Amino acid sequence: MLKKRKNEGSTTVLGVHLCSCIRRLTSRFASSPFSRIETAPATALRNPRLKIEALQNHVNAETENVFDDTFWENLTVVVNALDNVNARLYGDQRCLYFQKPLLESGTLGAKCNTQMVIPHLTENYSASRDPPEKQAPMCTVHSFPHNIHHCLTWARSEFEGLVEKTPAEVNAYLSNPVDYTNAMIKAGEAQSRDTLERVLECLEKEKCETFQDCITWFEDYFADRVKQLIFTFPEEASTSTGAPFWSAPKRFPHPLQFSTADPSHLHFPREDVKIETDGKAITLSTASVDDAVVINELIRKLEQCRHKAPPGYRMNPIQFEKDDDTNYHMDLIAGLANMRARNYSIPEVDKLKAKFIAGRIIPDMSWTVWDRWILKDNPTLRELLRWLKNKGLDAYSISHGSCLLYNSMFPRHKDRMDRKMVDLVREVAKAELPPYRHHFDVVAACEDDEGNDVDIPPVSIYFS
Amino acid sequence: MVGEELTEQETALYDRQIRVWGADAQRRLSKSHILVYGMKGTITEFCKNIVLAGVGSLTLVDDRAVTEEALSANFLMPPDENVCSGKTLAELCRDSLNEFNPMVRVSVEKGDLTSFGVEFFDKFDVVVISFCSLATKKLINERCRKLSKRVSFYTVDCRDCCGEIFVDLQKYNYAMKKLDETTECELQYPSFQEAISVPWRSLPRRVSKLYFAMRVIERFEEAEGRKPGEICIEDLPAVLKLKKEICEAQSLNESHIPNALLERLVTGTREFPPVCAIIGGILGQEVIKAISGKGDPLKNFFYFDSVDGKGIIEDISDPTPKG
Chain A
68 MLKKRKNEGS
78 TTVLGVHLCS
88 CIRRLTSRFA
98 SSPFSRIETA
108 PATALRNPRL
118 KIEALQNHVN
128 AETENVFDDT
138 FWENLTVVVN
148 ALDNVNARLY
158 GDQRCLYFQK
168 PLLESGTLGA
178 KCNTQMVIPH
188 LTENYSASRD
198 PPEKQAPMCT
208 VHSFPHNIHH
218 CLTWARSEFE
228 GLVEKTPAEV
238 NAYLSNPVDY
248 TNAMIKAGEA
258 QSRDTLERVL
268 ECLEKEKCET
278 FQDCITWFED
288 YFADRVKQLI
298 FTFPEEASTS
308 TGAPFWSAPK
318 RFPHPLQFST
328 ADPSHLHFPR
338 EDVKIETDGK
348 AITLSTASVD
358 DAVVINELIR
368 KLEQCRHKAP
378 PGYRMNPIQF
388 EKDDDTNYHM
398 DLIAGLANMR
408 ARNYSIPEVD
418 KLKAKFIAGR
428 IIPDMSWTVW
438 DRWILKDNPT
448 LRELLRWLKN
458 KGLDAYSISH
468 GSCLLYNSMF
478 PRHKDRMDRK
488 MVDLVREVAK
498 AELPPYRHHF
508 DVVAACEDDE
518 GNDVDIPPVS
528 IYFS
Chain B
4 MVGEELTEQE
14 TALYDRQIRV
24 WGADAQRRLS
34 KSHILVYGMK
44 GTITEFCKNI
54 VLAGVGSLTL
64 VDDRAVTEEA
74 LSANFLMPPD
84 ENVCSGKTLA
94 ELCRDSLNEF
104 NPMVRVSVEK
114 GDLTSFGVEF
124 FDKFDVVVIS
134 FCSLATKKLI
144 NERCRKLSKR
154 VSFYTVDCRD
164 CCGEIFVDLQ
174 KYNYAMKKLD
184 ETTECELQYP
194 SFQEAISVPW
204 RSLPRRVSKL
214 YFAMRVIERF
224 EEAEGRKPGE
234 ICIEDLPAVL
244 KLKKEICEAQ
254 SLNESHIPNA
264 LLERLVTGTR
274 EFPPVCAIIG
284 GILGQEVIKA
294 ISGKGDPLKN
304 FFYFDSVDGK
314 GIIEDISDPT
324 PKG
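Here the protein sequences come in this chain order: A and B.
Sequential numbering from 68 applies to the first sequence in our numbering.
Sequential numbering from 4 applies to the second sequence in our numbering.
Hints in this document: simulated from the structure, not taken from any laboratory.
This one's a predicted model, so the numbers in the text were calculated from it and none came from an experiment.
Computed list of lysine-lysine pairs in DSS-like fashion (alpha-carbon distance at most 25 Å, straight line): (1) 418/A x 34/B; (2) 232/A x 389/A; (3) 302/B x 178/A; (4) 292/B x 178/A; (5) 178/A x 418/A; (6) 141/B x 302/B; (7) 297/B x 178/A; (8) 181/B x 418/A; (9) 126/B x 297/B.
From just these sequences and the hints, can you work out the full model?
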């Protein structure tokens, strides 16, 4: 961020992250980030009348003792060269308050933009938000990828879940079991249950210690799960309209047979990464799918694990760092993505390309806290579908937990159209809804008018 | 001379840009040789861009001594006047550019560019000339075209707060990417002479006025035996008269070229640093595209005017195939 003071013809340069070109221009090969700021005054030599002051402090709400009213009031114009939106939003608010022009800029790969924010003339920077970068919908990433971006998004998400988020949850539990479990009980939702399941799986299963364990892990990801999917949706499966289920852009997957002859199968690193085996998939008893009951059961099992673990035991969550070539993070992600690509006959990529694409993906798949959509008045299935249709969404599949309530490709599901959703959930999903419960959640898989998958939040259906 | 693969040092230094255009493009850049003539503000911006990007070598030609004008727009000039004395513009720029990236061989070639033979230009993959007369532009362009290998040719001129780039890639094949597909494309570029010979009345009405205005100034300076940029407000009446004559010969209404625009070009002969940065940036981008073979190249004129902030590409070529 550059800020020009008026009257004195001086410039204040802030922040540690100068853009790449300026970095190399002013630092002349200095590699430490601090020297970039310090060499900024050197540019003043080109124009001796220009005074430059370089400051290391971040500009945010915490440094308002440094960047106080006097600082802002003395500025003529602010020029941005930042690397994140939050800093931009903060700066924009300050410029708005102190009525200073802001020249905003940004680059991404070979693209760039600038925006002029002029007091009393234009809207301010925060007045409009870029649409979020189009992320692939969940079902595409989880089950129906058709390009390497989907595979990388999945790999990135798996990586984060496996080595960062779940170990962090485990530590949160171990550090304060009572508060943690109470919070889960209080939330009592499908997501709490999901989280607890992962925590338990992490604590309960053995560490991946032998080569055999790693092969088992490989086979789970790239053989067993694929076999499960193609069992449910065989190659010749068709939709209710008679069209092939596996038509473009869906690609029919094939399970991979682990082989030491294939070098890419051997690329999965074991150092630094705690990989859990998943030899047997967790089978949920469909008899009792009520979240609250399952949560209590999980907590009970967690207690057992905790007592078995050595005192003070903690896991080591690992944060994804794509630029460190010695940490094997990119190797793992590229490996996962390429094996998945191989399942789906998608062209694979080299590690460099994977690094570029992975760097742009914001993995937020299974851990997003979404708003819920709410539908009241005890609707039937038909009314639910129509309600979604009115939003421009063609729902082809409705499920509750892991149980399918409706799928447009099964003709016999048409009989369910005029049934109340609450009855379907009780009968088909065998859900036990206690007297104090007035709603339940369903997940709807939808397409838009052009047949593209659209991700929507869970729908809460109120039946009383 | 670099080997076939990028070295570890290169991969580390160029890491961010390799993510943008790939290791293969970086390799090609590191093997490329660029010739540059006329070390003014825009060219220095261009040189900074390609030196930081990591071309193989850069050869500078400009025997002029440092002037106050040079100091106003050329950021490669050292501020200490004592350092400047005795050195040419090219030598001073070379010293600064070497510091930006020691991995690029920056050197100076002394002498009159127009006197170098065809074999001299054979050493280069890209030739960029700036602030040259009409005759020089045609001459250097023809020399580049005489070679059996393709030498990409660019001219660049910035006056007042606007600028022009001309591109000649001769016969250029590349893979054009559209969504998930790539199609092989071939572009046929006219030479500078061929381009400016296209009759004005056959050009679409919306073609940038700058194209015509620049041609008038070019012709004026040549007719009067002036060096490029050797023009001032007193010349304006003669320039307007020349404009009228050219327009008549081209069957174009003379109001098509605004007098105000010609006045700007006649008085504003000094370059404006922010415009140098923009034009130098676009030029750098085009040269990188041509060397790497990635990205749709500009064909064949580019205009920028900070008065309206527009960057415009004009394709000025004769559509009729030559017999």
